[in-house]
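> Residues per chain, in single letters:
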Amino acid sequence: LAKTTQPISMDSYEGQEVNITCSHNNIATNDYITWYQQFPSQGPRFIIQGYKTKVTNEVASLFIPADRKSSTLSLPRVSLSDTAVYYCLVGGQRAGNMLTFGGGTRLMVKP
Amino acid sequence: GAVVSQHPSWVICKSGTSVKIECRSLDFQATTMFWYRQFPKQSLMLMATSNEGSKATYEQGVEKDKFLINHASLTLSTLTVTSAHPEDSSFYICSAPRAVGKDTQYFGPGTRLTVL
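Just so you know, the sequences run in chain order A and B. Numbered per the numbering used here, the first sequence spans residues 69 to 179. Numbered per the numbering used here, the second sequence spans residues -6 to 109.
The hints are simulated quantities; they were obtained by calculation from the structure and are not laboratory data. Each hint should be verified, as a subset may be incorrect.
Below are the BS3-like pairs computed for lysine-lysine, each with C-alpha atoms no more than 25 Å apart in a straight line [as the list claims (entries may be wrong)]:
1) B:LYS34 <-> A:LYS71
2) B:LYS34 <-> A:LYS178
3) A:LYS137 <-> A:LYS71
Keep in mind that this is a model prediction, so the values were computed, not measured.
Build the full structure now, drawing on both the sequences and the hints.
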């Protein structure tokens, strides 16, 4: 499984756009990139998944450069409720493929 | 959407007792489920892979005799912490893959275990 590297923590203010970058230099050809969000004392929640270029949903955007060795999760206009830990995972596109969590990025949104 | 539930959401027990945690997939079947443990301010650590109808696969360093896993049906996996000790106090989370061909996992809400 490809190892991921993320900043340990980030601070932001309400209304700002937050970009969290994840490095995954040894990503394999069939690996997808998935981001999860975790609030304290809750299980992680799926945010977004992509393979290449750009993916956007109602919650976030995911930017993946052509070499796919990194990805950036973009959260538009964050609010206090976006304070959470964000995990970047890289894994094969197969059902049942176990997930290996890295350290995640602890985002603190301030008023 | 798909939901994975866990029961109980929290449990407090005395040292030496056993505690069972249930993980259920509510609107889909899961031949495989995963159990994680998370200590405060740390990431999730995969403990084991629960396989319906067969033995669980444990990660290195996880004692299979202490953390008993039973995947008796396509919607239920249980984790039993046997002879619990204070160092077993943690947040236990299960997950299940959503569908064939997808890498997305659905996570349960977690179970907070406190061993006195």
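> Hint by hint, note whether the structure agrees.
Structure-based check of each hint:
1. B:LYS34 <-> A:LYS71: holds (20 Å)
2. B:LYS34 <-> A:LYS178: Roughly 19 Å between the alpha carbons, so the hint for LYS34 of chain B and LYS178 of chain A holds.
3. A:LYS137 <-> A:LYS71: Roughly 11 Å between the alpha carbons, so the hint for LYS137 of chain A and LYS71 of chain A holds.
The structure agrees with every numbered hint stated previously.
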